[in-house]
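Student: Add chain B to chain A, keeping to what the hints say.
Here's the letter readout for the chains.
There are 2 protein chains.
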Amino acid sequence: MKIAFIGLGIMGRPMALNLLRGGHELIVWARRAESMRPLLDVGAQAADSPAAAATDADLVISMVADAPDVEEVMLGAKGVVDALPLRDADAAPLVAVDMSTIAPAAARSIAARLGERGIAFLDAPVSGGEVGAIAGSLSIMVGGDVAAFARAQPALACLGSRVLHIGASGAGQVTKAANQILTGVGVLAVAEALNFAACSGVDAGRVREALLGGFAASRILENHGQRMLERKFAPGFKAWMHQKDLNIVLQSAHQLGVYTPLSAATAQLFNALVGNGQGDDDSIAVLKLLESLSGAAGAVGDAA
Amino acid sequence: MKIAFIGLGIMGRPMALNLLRGGHELIVWARRAESMRPLLDVGAQAADSPAAAATDADLVISMVADAPDVEEVMLGAKGVVDALPLRDADAAPLVAVDMSTIAPAAARSIAARLGERGIAFLDAPVSGGEVGAIAGSLSIMVGGDVAAFARAQPALACLGSRVLHIGASGAGQVTKAANQILTGVGVLAVAEALNFAACSGVDAGRVREALLGGFAASRILENHGQRMLERKFAPGFKAWMHQKDLNIVLQSAHQLGVYTPLSAATAQLFNALVGNGQGDDDSIAVLKLLESLSGAAGAVGDAA
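Residue numbers (full-length UniProt numbering), protein chains in the order written: chain A, 1 to 304; chain B, 1 to 304.
Note that these hints are calculated values from the structure, not bench results. All values reported here derive from a predicted model rather than from experimental measurement. Each statement offered as a hint is correct.
Covered stretches of chain A, as calculated for chain B (at least 3 residues, CB under 8 Å):
hint : stretch
1    : 174-181
2    : 184-195
3    : 204-217
Each residue gets a CB set at the ideal place from its N, CA and C atoms; glycine is no exception.
Extracted from the complex, chain A is given alone in its bound form (with noise of 0.2 Å):
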């Protein structure tokens, strides 16, 4: 398959070397010309415009910041609209496949006014960071025209270990926000946990394990707790990136009118830790501080 890769930054980039590996055809753009320099050397093409990549492409997948980046790549001057009178006339109508983060009433409006233009619209954003973007074990949350769904399934499974269609136009972002939820409000429980048993004189560790058997077992009291422990506050996810992601659950919340009370005791400590300059810390430096705010008997990572 043809395919038009827009972004290439720590996600974009080893997502579209995956789509090579996978045998697609790849003519890249990115706004700064040096991101496009890697995957030139291995095969792609390079585009000046968002329009020029779509020009010819069956696909155009986009992988960019938030939504503003996504509404200017698809609909801006020189964006993915302008390729339409450009292209060959007995063409396929062409599928764009947005796969950063963003919210889910912007995915919605962007899909329709596309596909006033004749482009179907997915959003299709994914959990498993860096990590998975360079093994290709991405988790896809699609929304989405089943049939465009199908058309961009074969670059989608380059991607992705998991690619999942939930629903209509937004029900991809959607997903993405209520795994944003429990992983931001589960990081912070876990580190509120883990600094509750050690302000109160016990090994956080030996508590971790014993939790880990019963009800209270979850990914991030395995992955992210074990983390806690060992102090590695390296990222991983950066906390900035989880505030930018419960900002997308409260304003989509403020919305519709839907009481999220944890997703907004959690956003305010993301706020506050962005705000001490952590914010390139990964997402489980809340531990620090709830540290910095308790009086401690002992630290989480303490020997018993």
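Tutor: Chain B alone, transformed into the frame defined by chain A:
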């Protein structure tokens, strides 16, 4: 071993039965005489006070409601301490194991006062609920003297499949409190994420399925999430018990000066749930509370 068992409620009765099945000799006491009947029918002896139960026992186990009950059966009139003048002078020192969920500070205080009288006290709260009590598969988290723990082991092995000595006196209750932080916050977080999805018009069951493949995966998303989708609000673990346990967390955090924002936010929801007369529902009923406070495009459990 000759065991005095005090408290024969929903948890205590099946636990006492498992000790009998394990070949231990049992002397039981319960506030309500009729609670003893099922145990006497299968070979337990009745005592007319905790002191009488403890007089010839090697080990005392209590499974009662809250700290004042533990204080009373251990240190009150006709409590376990009153057995001391009646015990054989050659008998090994008595070990008392409280398996109720009470505040860590209360457990330490009781341990100190019993220690002055020569009784070793272990705090050994459990998780796993009535199902685990019946199956003998409880998770048991123990704080206190290691030698006393070794003496209690043969009894505890009949009650739980996972019996862990965590640390000094109080460490078992601290671990249980940490468990209740993660399960209480966890149940509310899963309810919040699924309700967010449903209110956004997305099939919450499909979202749960997608999230189980990533870092959001937890036993609560698996088990409690499924029950939310089936809207089965029968306990399980009653909301008022979770409310009580979160109050232990908040009181301990108050005493120690520990910052516990998610426990505090979650406790408010459980307060409201109990205040609304839903305390006897399972703790997953927090979902109904979120729904009553949200504008919904759909409900958790609706088909896609």
